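2 protein chains.
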Amino acid sequence: MRLMPVTDAMFLWGESRETPMHIGGINLYTLPDGVDETEWLHEQLALLRQSEGLRRPFSEVLKLTPFGQYGPIRLEPDRDIDMHYHVRAAALPKPGRYREMFELASRLHSGLLDRTRPLWEITLISGLPNRQIATFKKVHHALMDGAASIHFYNSMLSADPGERRAASPLSVEAYEAYKRLFPPPKKPARPSLTDIKAIGDFLKEQWGNSVGVTKAMNQYLAAMFGIGGEGLATPFAGVPRTSFNRNITGARRFVAQSWSLERVRAMGKAYDGTINDAVLGMCAGAMRKYLQSLNELPDKPLKAMAPVSIRPKDDIDSGNSVASVTANLATHIDDPATRMAMIQESMNSAKAQLRAMTAAQIQLYTAITSFPMMLTALTRTADKFPAYSVTISNVPGPREQMYWNGARLDGMYPASIPVDGMAMNITQVSNFRNIDFGITACRRSVPHAQRMIDYLEEALVELEAAAGIKKGK
Amino acid sequence: MRLMPVTDAMFLWGESRETPMHIGGINLYTLPDGVDETEWLHEQLALLRQSEGLRRPFSEVLKLTPFGQYGPIRLEPDRDIDMHYHVRAAALPKPGRYREMFELASRLHSGLLDRTRPLWEITLISGLPNRQIATFKKVHHALMDGAASIHFYNSMLSADPGERRAASPLSVEAYEAYKRLFPPPKKPARPSLTDIKAIGDFLKEQWGNSVGVTKAMNQYLAAMFGIGGEGLATPFAGVPRTSFNRNITGARRFVAQSWSLERVRAMGKAYDGTINDAVLGMCAGAMRKYLQSLNELPDKPLKAMAPVSIRPKDDIDSGNSVASVTANLATHIDDPATRMAMIQESMNSAKAQLRAMTAAQIQLYTAITSFPMMLTALTRTADKFPAYSVTISNVPGPREQMYWNGARLDGMYPASIPVDGMAMNITQVSNFRNIDFGITACRRSVPHAQRMIDYLEEALVELEAAAGIKKGK
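Protein sequence lines correspond, in order, to chains R and D. Going by this note's numbering, the first sequence opens with residue 1, and the numbers climb by one from there. Going by this note's numbering, the second sequence opens with residue 1, and the numbers climb by one from there.
Worth flagging that the hints you see were computed from the coordinates, not collected in a lab. Mixed in with the good hints there might be a few duds.
Identical copies carry no separate label here, and so any pair may be met within one copy or between two of them.
[Claimed, not checked] List time: in silico SDA-like cross-link candidates among lysine to any residue, alpha-carbon distance up to 25 Å:
1) K470 / D160
2) K63 / N247
3) K384 / T135
4) K63 / S243
5) K384 / S59
6) K470 / D334
7) K384 / T65
8) K94 / S51
9) K63 / P447
10) K94 / R49
Just so we're clear, the structure is a prediction, and the values are computed from it rather than from any experiment.
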């Protein structure tokens with residue numbers, strides 16, 4: 001029995017029929033030569049369905065007090081776990097293209113997880129051509145964030161195509177073996193009395209002293225009210241209302257695509273920027289094109305919430321450990337190079353701001369600055385006061401070619417959470433030589449999510465051309 | 001725009017994550033010779049996905065006032081209907097047996113319908129052997145009861161294997177063609193002032209006069225408190241608490257099987273009873289065996305809620321038109337013939353009671369007698385005060401061998417609604433020469449629902465033997 005941290009519980013509070021709070025995604029694999037597909041799938045199904053020695057959080061069920069989700073939430077082992085419920089087999093209808101796969105994933109990602117059971121599902125998907133198979137995983141965000149999810153995948157994958165594992169990827173055994181690859185964990189940074197005092201002072205004195213958080217908050221608020229802030233983008237302030245900012249419905253559309261990591265990196269470098277800057281540039285360009293196609297490109301720039309992992313390298317156990325910065329997407333600017341410069345300026349300001357704080361201060365700061373956003377979500381006014389235009393999240397994945405019991409990992413497409421007022425989420429996972437984009441959108445507010453894939457490519461080509469480099473390999 | 005009747009809206013009020021209120025089921029077909037499966041399926045998909053000229057309720061979306069579901073609920077045409085959302089294609093993983101089909105149906109039946117869209121889904125299922133294909137339909141009970149659902153199926157089916165229809169089975173065109181087979185509808189019976197006065201008098205005077213309803217209510221309450229009632233079974237009174245009477249979770253298990261209608265009818269006749277009596281006898285025997293296997297057979301008999309359609313023959317438009325009677329399942333009695341006699345006695349008493357009332361009076365009576373059950377559902381105390389042990393519902397289906405654009409209808413397996421305190425629902429549809437049983441259960445409270453199929457057969461054999469007839473054809 002353990003208590004769920006409040007930062008995890010927030011994802012239970014914010015959940016509704018229209019806003020399920022689970023993350024997930026498709027992993028795509030090619031089977032090794034000489035292996036029978038049905039046999040291989042049944043072996044993995046059998047392994048995944050072993051209920052003995054299951055690791056947490058897969059083994060744990062919510063235990064609520066009479067105060068329900070708003071009281072203390074405990075997690076306890078589920079003594080009656082039904083592995084056939086959690087581990088499913090599905091197949092694609094003919095012709096079994098990626099299109100049918102993404103249709104299935106869209107349906108699987110819609111709909112709530114059952115709160116009377118451990119909050120996860122895995123579906124093994126057959127019926128793809130060319131010896132490919134896929135998995136779709138769905139885990140509540142209260143249990144795992146994107147980085148924790150990658151830790152889980154890494155624990156089940158291997159860089160050795162010949163390696164076969166006898167233990168379930170969901171077992172304590174597999175998890176402990178994986179954890180041994182890391183230095184023994186230090187205690188995670190928790191806010192100290194000084195940190196709390198700093199925030200307390202801030203709240204009492206209305207930004208009156210000069211510790212890191214207060215400075216950051218001052219700078220933040222100054223930018224929000226347009227009196228300084230040196231390029232820092234802030235939520236709410238001047239965020240235009242587009243069709244990405246409607247209150248959402250419960251059905252999802254999930255589409256995905258890979259780009260060459262080298263190609264994206266080269267584009268970023270040409271602007272003296274990072275891969276992350278390059279990705280934001282692609283997303284900004286694509287959203288600009290999307291809104292242009294609907295004749296609703298606003299005069300003011302879209303702003304993206306860009307979650308930043310604040311997880312120490314040795315912390316692989318926390319459910320959530322994320323701060324967020326605001327990226328100005330400069331979508332009102334036609335010239336790709338000027339647009340890119342403005343995006344980078346906002347990111348550099350935000351990063352400088354975070355660097356001035358301790359991890360614990362960042363945590364508190366994040367809690368405080370995200371409060372107004374939660375308020376609009378709970379009052380369902382997020383469509384009228386959008387905090388951001390979109391979420392764009394970048395999660396570092398495996399750096400080598402990975403294999404799952406011999407099956408080559410071809411793609412790792414993340415599905416995440418649209419919320420009221422932010423009907424689209426773009427998440428990327430870097431996976432060996434690729435960067436895998438997953439776009440998760442409210443099916444009603446963003447009916448043409450598929451077009452975003454083409455627009456991302458067009459935006460990349462445009463940025464390459466503006467930087468004077470040819471379309472990459 | 002039309003107003004939803006209160007008797008339909010009740011199914012929205014009672015809905016929660018754990019208790020989705022939709023009905024559905026599998027229809028199983030064999031493709032005609034010489035037809036390509038993929039081609040045939042794509043033709044049906046294309047027809048089903050036509051959004052033009054869609055009939056209600058498939059075309060309508062809920063329109064709530066600020067009072068939400070408890071205010072007046074209107075239904076209006078959905079101007080932005082996404083047919084690819086409602087009409088889905090799915091395939092079974094290998095080996096594609098009925099087992100995989102029922103696993104998929106269990107998953108499809110779990111989970112809520114999206115209230116921001118018309119409240120239905122149809123999934124076309126491929127991947128079965130022997131040229132079989134299946135559909136799984138899911139419609140909110142607020143829009144359709146079992147009988148309305150059969151009207152829908154009948155409108156898309158034909159007794160002529162050669163008939164091919166160019167219109168969507170969901171279209172006004174198909175529906176109007178079907179309606180022309182019926183005499184022009186009379187106005188449905190509505191409670192008259194006299195009826196309402198009768199109920200009002202009853203409520204005011206605490207069962208003091210002698211009109212039909214009051215008499216029935218008296219008899220009913222007398223039986224409930226054990227002071228008469230001549231064999232009439234009543235809810236609540238002495239209903240034993242078994243594992244069928246837990247508060248339920250959101251996940252379902254759906255299993256199904258066909259029996260020969262002739263065989264079931266012959267068994268019923270041997271006891272001077274109806275097909276419905278025979279079915280109740282099978283269910284009683286099967287539930288007795290199930291509880292015996294868990295070592296929890298109670299001393300007191302289980303009681304079944306047996307919905308009775310009060311729909312006039314010419315009314316094919318109402319969403320819900322159902323009363324319910326209580327069947328004493330006599331599960332405490334070991335001897336099959338004695339058990340059968342007690343079941344029949346309770347059904348005959350209940351029917352005699354209903355016959356003494358007008359349709360309008362039955363409606364009011366049903367509303368009043370079902371109120372305590374709704375109260376226990378809303379207060380989540382249904383597990384402590386179970387109104388019934390189980391729901392057993394019998395719906396008349398097609399009387400001939402039917403075809404869907406040439407595909408032979410092999411089975412029509414209904415999926416229905418378990419609720420708190422009644423974790424299992426057994427519904428049957430008579431279909432040409434068969435009676436198709438569908439068992440829908442909470443996946444946690446009734447984990448061995450599959451065994452019910454074997455127990456139903458065993459119970460039938462036992463009743464045949466006790467009546468001195470051999471196992472039927």
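Structure-based check of each hint:
1. K470 / D160: neither (35 Å within a copy, 64 Å between copies)
2. K63 / N247: Close across copies (16 Å), not inside one copy (30 Å); limit 25 Å.
3. K384 / T135: neither (37 Å within a copy, 41 Å between copies)
4. K63 / S243: between (38 Å within a copy, 21 Å between copies)
5. K384 / S59: neither (40 Å within a copy, 29 Å between copies)
6. K470 / D334: The answer is within: 20 Å in one copy meets 25 Å, while 85 Å across copies does not.
7. K384 / T65: Close across copies (19 Å), not inside one copy (35 Å); limit 25 Å.
8. K94 / S51: between (33 Å within a copy, 23 Å between copies)
9. K63 / P447: between (38 Å within a copy, 21 Å between copies)
10. K94 / R49: For K94 and R49, the Cα distance is within 25 Å only across copies (17 Å; inside one copy 27 Å).
Figure legend: structure checked against the earlier numbered hints; hints not met, in rising order: 1, 3 and 5.
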